[in-house]
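K.L.:
Given next are the chains, with one letter for each unit.
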Amino acid sequence: MGEPSGAPPRGEDTSAPTPESTIRIESIRVDSDHGTLRGCDEPSGWRFSDRACPEPEWTPASRVPVSHTLGEKVRLELTLDAAAAPGPVTLTGEGPGGIQFRQTIPISPGTSSITLVSENPLARKIDDLSFDVRWSASESVSIAPAVTSLPMLVTLGPPRSTPIAPYKEDGATPRRVAKAVEWAKRANSLDPHAIVECFLRRFPYYALLPSPDVPAEYDHPRYFNDVGGAWPMVDYVAASGECQAIVRLVRGMLAQIGAPGEARMLVVWADPDQGGGEKPLVADWEKDPRAGLSKTMQVGEKRFAAALVDGPVVEGKTYPPSHTRLPDGKVSPGLNRYEACLEFSHGGMTRYYCGGVGVLSSRHDILKVFWGLVWVEFLPDEGFRVEKVVRRYRGEAPPEDRPQRHPIRSFLRRFARGLP
Amino acid sequence: MKWLDDIETAQSEGFDDLEGREGLPGQALAESRHWARTLFAQGKGPYDAARPVRRKVHHATKAAPDLLRHEYDVDDLRLSIVEGRSFALVAVSRESLDVLALPEDERAPAISRVAKALFHPVCVAGGVCFRFPERIEEGTFFSTNPDLDPRLLGAWQDRLDAGIRDGELVFLAYKRLPWMAGFADPFAWLREGERIDRKPRFRFPFRRSGPKRKPR
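Line order of the protein sequences matches chains A and B. Here this note's numbering is used: position 159 in the first sequence is 159, and no number is missing along the way. Here this note's numbering is used: position 12 in the second sequence is 12, and no number is missing along the way.
So here's chain A without its partners, still in its complex pose:
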């Protein structure tokens, strides 16, 4: 049924009876939503607000976003103002994705409230819907407006209304839920592990130093701020953030979409005096932010420090300070105290995401991000001399250990010898 006024569209049957009466939708409240969204009055920032979003969600003058669990039926409470003769009317609403409301209701002139439950549930899919419902009625009754529209964020479960994180990244606001839904949709899965993996693909590296591209008020790469904590990172994805900031963001996003699972920031290192450096030592960074390798050894006049080195080194050789850009454009080996990783556990499965190294399934694998564990002597120019290689975690030998082969010359030599 079309709008109740105006000339009938050309080509339609003009002999059809015109609506005799109108039912006006005064408001719609989504009863089956989570009711946990806060801060609808602060739509432009990432900050959390304690103010609950207003109800009803739809009026002719306002549309307030709602969050709703996927795979569940939608229950609406409509306030109607009828200027119609008393009697039963069948009210029908057609929503997105085949959602349908249909109920015969007794109508009498004046204001009344009715509850409608959708005949079928929302799809089992994380989504941001424009919940547009096209309304119609039986007999010669028209509904005004014919279409109502609400932003609906479809999530795995209820977003968190009361934040527990220090920077309140887990508190739900429409903007945060919308962003979390936008990112989680890309996973094409409801498995929290797949969702976290999808989030982490956006941050292939952890940032270790502040970026000039991120406004100072956000405190990149730590994101210790009172303007949304780690949330502004979603606007500066290329600049990434510290591992702990990404953990906070991931936790915040999971809380927005009601996803289960636990995310932690681990630091992993090894100690020359514990299992010869083979055993991974692990600490929860939030409980022990100073954890890591801090071992020294005095031998006569010399003081050595243990370190995890990220590139091949040779005993007795001297190296420039960590990660110095060399004349050939390469970067010198660097000394580390630990590797920081995001640990995500759910459903009896734990995965580790360490910056730039992919997804790992065991803590022991994390040590393999390093080439080895070494004792070094620091030099006055901040360079270092390798005293001893305690353990190698990767098979790759230092360049000096193996003869350098030119691939084309090597091929030609083998070709000349008649080898394949």
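Check before you lean on any hint, since a few could be wrong.
On the chain A side, residues computed to face chain B include the following (Cβ under 10 Å) [claimed, not checked]:
(1) Gly87
(2) Trp135
(3) His220
(4) Val267
(5) Gly292
(6) Val299
(7) Gly300
(8) Arg303
(9) Pro321
(10) Gly334
(11) Glu339
(12) Val376
(13) Gly383
Capping the alpha-carbon separation at 25 Å, the derived lysine to any residue pairs in SDA-like fashion look like this [claimed, not checked]:
(14) Lys295/A to Asp158/B
(15) Lys175/B to Asn225/A
(16) Lys2/B to Thr318/A
(17) Lys179/A to Tyr352/A
(18) Lys62/B to Lys295/A
(19) Lys175/B to Asp288/A
(20) Lys295/A to Glu8/B
I should point out that these hints are in silico values taken from the structure, not numbers from a laboratory. In this text, a Cβ means the ideal position worked out from N, Cα and C, and glycines have one as well.
Add chain B to chain A, keeping to what the hints say.
P.N.:
Quick look at chain B alone, frame taken from chain A:
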């Protein structure tokens, strides 16, 4: 005290006035601002001081590393902060606070008061975390935690050094990156495009979380 020698060498080579931000690479400026927020109490750092700050720069030579100098007044103290890639040396001018002119038993409390006012509060909890020697005089140096190696600190707050040098009260804070052992190249800080976090990474074969595809 190699860094003090470096600063003296740079001093003799000369610092250039820095007008605006043009003379500094964006990365170095972002790091300098980051450490100012990290080390100094609100309103006491070189980027949020209420009064004007004069900045000078020394670009690395063979003899002395990259250094940035901030000179400003805060709380009636005239400060000169010389910042390298891995440290910040804060000198309080003798005209604004002459520690050695104070009676001996008032010197340590005065130093603690200044430290508490200037630095982020967690560094000097209670204002008594310096392990002061019996006498504080010219050339005396002390620390909050002299046993910890500055190159292996888990956080900058774990060690703050101080002392009296040429009659001036000086503080030395280490700009520690907790993941790193040792310090970065002090001669490459103000080099355009320099970033020590672009480190080579060994990449594991990527594993998907979803079900594995069955072999045909």
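K.L.:
Give a verdict on every hint.
P.N.:
To see whether the hints hold, each was checked on the structure:
1. Against a cut-off of 10 Å between C-beta atoms, the interface hint on Gly87/A is violated, since the closest Cβ of chain B lies about 55 Å away.
2. Violation of the interface hint for Trp135/A is found here, the shortest Cβ-Cβ separation to chain B being roughly 41 Å, above the 10 Å cut-off.
3. Among the interface hints, the one on His220/A holds; its C-beta lies about 8 Å from the nearest C-beta in chain B, closer than the 10 Å criterion.
4. With a least beta-carbon distance of about 8 Å to chain B, the hint placing Val267/A at the interface is held under the 10 Å criterion.
5. Because the smallest distance between the Cβ of Gly292/A and any Cβ of chain B comes to about 6 Å, under 10 Å, the interface hint for this residue holds.
6. Hint status for Val299/A relative to chain B: violated, with the closest Cβ pair at about 15 Å, above 10 Å.
7. A hinted interface residue such as Gly300/A counts as satisfied when its beta carbon comes closer than 10 Å to some beta carbon of chain B; here the least separation is about 17 Å, so the hint is violated.
8. Because the closest C-beta pair between Arg303/A and chain B is about 8 Å apart, less than 10 Å, the hint holds.
9. For Pro321/A, the interface hint holds, since its Cβ comes within 10 Å of a Cβ in chain B; the closest pair sits about 4 Å apart.
10. Annotation: interface hint on Gly334/A holds; nearest CB of chain B at approximately 5 Å, less than 10 Å.
11. For Glu339/A, the suggested interface contact is upheld, since its CB lies about 8 Å from the closest CB of chain B, less than 10 Å.
12. Against a cut-off of 10 Å between C-beta atoms, the interface hint on Val376/A holds, since the closest Cβ of chain B lies about 8 Å away.
13. The interface hint given for Gly383/A holds, since its Cβ lies 8 Å from the closest Cβ of chain B, which is under the 10 Å cut-off.
14. Using a Cα cut-off of 25 Å, the hinted pair Lys295/A and Asp158/B holds, with the two alpha carbons roughly 15 Å apart.
15. With a C-alpha separation of about 20 Å, the suggested pairing of Lys175/B with Asn225/A holds against the 25 Å cut-off.
16. A hinted pair counts as satisfied when its Cα atoms are at most 25 Å apart, and Lys2/B with Thr318/A qualifies at roughly 20 Å.
17. Between Lys179/A and Tyr352/A the alpha-carbon distance is near 24 Å, which keeps this suggested pair within the 25 Å criterion.
18. Straight-line distance between C-alpha atoms of Lys62/B and Lys295/A comes to about 32 Å, which puts the hinted pair past the 25 Å bound.
19. For a cut-off of 25 Å, the pair hint linking Lys175/B to Asp288/A stands: about 20 Å separates their Cα positions.
20. A distance of roughly 32 Å separates the Cα atoms of Lys295/A and Glu8/B; the hinted pair therefore is violated under the 25 Å criterion.
When held up to the earlier numbered hints, the structure conflicts with 1, 2, 6, 7, 18, 20 and fits the remainder.
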